Every structure is written in C-alpha cells, then in structure tokens.
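Undergrad: Generate the whole structure from the sequences, applying the supplied hints.
Here is how the chains run, residue by residue.
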Amino acid sequence: MATQTQVATEPTNAAVVEQKLQKLRELYADAPEVGKAALQNGLPMLTKELAAPSAAQTAGRIGARQGKVSELTVFLPFVKGGAKRLRGFLQLLEGNFRAADAVGTVHDMRFVFVDNDTKLLFATAYDGDFDPYIADFAAKIPNAMDLWLCNFEGYPGMRNPSAAADWIASHQIAAEAWYVNSPNLTATETRRLEGVGTAVDQLLDKIG
Amino acid sequence: MATQAQMATRPTSDAVVEQKLQKLRELYADAPEVGKVALRNGMADIAREFAALTGATGVQRAGRVGARQGKVSELTALLQIAKGGAKRLRGLLELVEGNFRGADVVGTLHDMRFVFLENDTKLLFATAYDGEWDAYIDDFVTKIPTSMDIFFCNLEGWPGIRHPNVKDWLVKHQITADAWYVANPNLTVAETRRLEKVGAAVEEFLDTIA
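Heads up: the sequence lines are chains B and R, in that order. Residue 1 is where the first sequence starts when you use our numbering, and the numbers rise one by one after that. Residue 1001 is where the second sequence starts when you use our numbering, and the numbers rise one by one after that.
Hint data in this document are derived by calculation from the structure and do not stem from the laboratory. Small disclaimer: the values here were computed from a predicted structure and weren't measured. The C-beta atom is built at its ideal place from N, Cα and C for all residues, glycine as well. Treat the hints with caution; some may be incorrect.
[Claimed, not checked] Derived SDA-like pairs (lysine to any residue); straight-line CA-CA distance at most 25 Å:
hint: 1; chain 1: B; residue 1: 119; chain 2: R; residue 2: 1143
hint: 2; chain 1: R; residue 1: 1071; chain 2: B; residue 2: 188
hint: 3; chain 1: B; residue 1: 36; chain 2: R; residue 2: 1199
hint: 4; chain 1: R; residue 1: 1197; chain 2: B; residue 2: 203
hint: 5; chain 1: R; residue 1: 1143; chain 2: B; residue 2: 169
hint: 6; chain 1: B; residue 1: 119; chain 2: R; residue 2: 1118
hint: 7; chain 1: B; residue 1: 48; chain 2: R; residue 2: 1199
hint: 8; chain 1: R; residue 1: 1023; chain 2: B; residue 2: 116
hint: 9; chain 1: B; residue 1: 36; chain 2: R; residue 2: 1027
hint: 10; chain 1: B; residue 1: 206; chain 2: R; residue 2: 1122
hint: 11; chain 1: B; residue 1: 80; chain 2: R; residue 2: 1025
hint: 12; chain 1: R; residue 1: 1143; chain 2: R; residue 2: 1190
hint: 13; chain 1: B; residue 1: 48; chain 2: R; residue 2: 1023
hint: 14; chain 1: B; residue 1: 68; chain 2: B; residue 2: 94
hint: 15; chain 1: B; residue 1: 48; chain 2: R; residue 2: 1114
hint: 16; chain 1: B; residue 1: 140; chain 2: B; residue 2: 156
hint: 17; chain 1: B; residue 1: 36; chain 2: R; residue 2: 1059
hint: 18; chain 1: R; residue 1: 1197; chain 2: B; residue 2: 207
hint: 19; chain 1: B; residue 1: 206; chain 2: R; residue 2: 1203
hint: 20; chain 1: B; residue 1: 36; chain 2: R; residue 2: 1203
hint: 21; chain 1: R; residue 1: 1167; chain 2: B; residue 2: 115
hint: 22; chain 1: B; residue 1: 48; chain 2: B; residue 2: 140
hint: 23; chain 1: R; residue 1: 1122; chain 2: B; residue 2: 51
hint: 24; chain 1: R; residue 1: 1087; chain 2: B; residue 2: 51
hint: 25; chain 1: B; residue 1: 119; chain 2: R; residue 2: 1156
hint: 26; chain 1: R; residue 1: 1087; chain 2: B; residue 2: 184
hint: 27; chain 1: R; residue 1: 1023; chain 2: B; residue 2: 92
hint: 28; chain 1: B; residue 1: 119; chain 2: R; residue 2: 1203
hint: 29; chain 1: R; residue 1: 1083; chain 2: B; residue 2: 51
[Stated by the list, open to error] Cβ pair distances, simulated, as ranges:
hint: 30; chain 1: R; residue 1: 1048; chain 2: B; residue 2: 159; range: 20 to 26 Å
hint: 31; chain 1: B; residue 1: 195; chain 2: R; residue 2: 1159; range: 42 to 48 Å
hint: 32; chain 1: B; residue 1: 202; chain 2: R; residue 2: 1104; range: 27 to 33 Å
[To be verified] Pulled a few chain B residues facing chain R out of the computed Cβ check, cut under 10 Å:
hint: 33; residue: 31
hint: 34; residue: 61
hint: 35; residue: 147
hint: 36; residue: 200
TA: The structure is reproduced here in structure tokens:
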C-alpha cells in the first residue's frame, strides 16, 4: 500500500521475519522436491527479502506500482478482422512509436498476439497513477489511440475519455507482484539523466 | 537486426511513405467507424511517423526468442500453474512484498511482473531486460539458481534450474511480442543506475559552487 512505505522505515524485527519464514515453510510443505530443496538453500536471501519494508504499492484505480513506476496489463478481445489490421499497422510502423515518445510517461510497452489472434496482451510500464496516465493519452494522442484500440470489442473511443478509461480498467488484470529496478526514475527523468551523463563526459574530456 | 541499426540512417522517401499510407488505408477500409475517422484525422501525423522511419531502430530480435529495441529486450511467457502452485506462489509473493533482491543481484532486469490468469491456472510472467536471451537466462542460472527454483517450482513441468532442458522449457512457453517499445533504448540497467549517481553528484557539485 502507498502509505506503508512511508510509515515502515524501521527494519522489521526478527520475530516478524521468523513468523514469515514459518508461513513460507508451511506453504512449501507440499511443494515439489526441487522447491523444498531451494527453500532450504535460499533462506539467507529470503530472510533479507522478508525483512525489507513493503515495496508493493498500487497505481490508483487498478494495477501495481513500485516507487514512481506502475504496470498496466490487459487482455483485449479482437473484433473480427481486428488482428489483421493491428498487425499490419504495427508492421508498417516498424517498431517506431513516436506517439508514445510524445506522451512521455511510457517506459516500455509490448503488443503480444495470443490465443490464435483472438486476443491481444498489451503490457506497459509507465509513470504515476492509472487515471492521469489514461487521461494523458486521451488529451495528447487521441487519434493514435483510436487507430489501434478500434480493433477491439466494445472500445468506446478516446473522445469519451472516462468511458475509455473504464473500458481499459475492465480488461485489466492487476499484477500480483511487480518489480522495477530503478523505481525512483520517471521516463522523463531517465532521459534527462542521459543528457546529463553526456554533458559530464564532454566536460571531463575537455579538462582531461 | 543488429546490423541494420548501424547502416540505414536516411529518412524514408516520399514514395515509400505514400506506399505505406496506401497499405494502411486498405487495412482500415473495413475498420469500425471510430478507426476510419481516426485514420482520416491522423493522416498527417502518421505520414510524419512513416517519414521519420530510418530503419535505425525497427523491431530487433533478442536472439533465440523475443523482441529487442536497442539494448532492451522483452520476455513474455504464459505458464501453466501446477496443482497447489498458485497458492504457494501467491503466498510467497505476498510475503516478499515486492522486494526482489534476487532481481537486483542479477542486474540486467528493468522490470518484471507476475500476473495470475484464468482462475489461477496460468501465470503471465513478463520482463524487460538487457541484451540477448541466452546470456540473460545464463545469468539467472549462475547468479540466483535457488530463487528461480523457489518461484518456478510452482509451474507445470518446471525441470529445475540446473536441468539441461531448462532453456527449452522456457522457450516453449514464451511468445514473442509483435511490437515492443522502449522509451530509453540505449540505457542498460547498469547504465541507468550509474546515471542516477552521476545526476546526484552533478547536483551536489552545482550546489557546492553556487
């Protein structure tokens, strides 16, 4: 939860960690042999993980967040002909998404065709909370959104941003667990740091 | 392909852009109304997008399976959960509360999600990582074999991280993304971490001389 990370800054005491380890041993009592052996051998790292304050947060309405970075995972049902159109469109774009660059809050995104092209798995890592994120897309690139989302059942259109957000949320499945390596960096901040890094290198070259 | 990135840097010619637009019009001829309207209204933007294509990025491969953009690749796997595995895995994830020290140790993982599907019978496991597939998996095998077994023993058919067939098992369940976008494709995990420190040091420096 969002507030827990601010509150729990003291290291969890040994008794709580031991309780958690006990819970884990119980959970793995009927695990396959390889899992039981791994639990035995993995106790040192697990103990550290269990002692750390919670890093699990939510992205508002739906989805998991860690630090500044959230996840969105949806399975969208294609309309008839939708898979062919979307695949064709993606091929023409050759993996270039300048529209996503324009929005500026997307870290990464993948389009995966599943279940014999009847569904699309769309998964992104993005900055901040769900509702402002979707509102940003509706405000900045409504056409681009309509172009790819029109290929799915029930899509209400980005001109109706709140209905579109509801529609996305209805197909979303929140991740049970979510890990981000650099949770304090937004996509924009990372870009800025890339520029800072280049400037520092140049400076060092000049005085070197 | 890796080599294309070094070669083609010229923007796409007008004729190629027009060809692509024509193809798109054909694709969207039978689209829902909202899509047709969006295509009409967005034509200028799309033309610019096509014109900017240089062949410099494009969809690249992460080796054996998966897509790559620049230095960052995607792994997307749909895995069957073994009997009793969902309860164990969920319990484990709840106890860990997002603290994946093992992933930090591996050092090539940008992000990772565990999503339970279809009444807990399937798991979607998706990551963004640095470099090529084989090297990435090797890293897990050598650096955190035990953590891998603790998580993945809950999946149907998991051969164990030390089993010679473990890579084949993974490949079999992986689905390559048709499209993959990375906002900062030139930055590995290690490079991003370094830059975070550089940024902090620069600010400290500027404060000192101010």
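Undergrad: Flag every earlier hint the structure violates by its number, smallest first.
TA: 1, 3, 5, 7, 9, 10, 13, 14, 17, 20, 22, 23, 26, 28, 29 and 34
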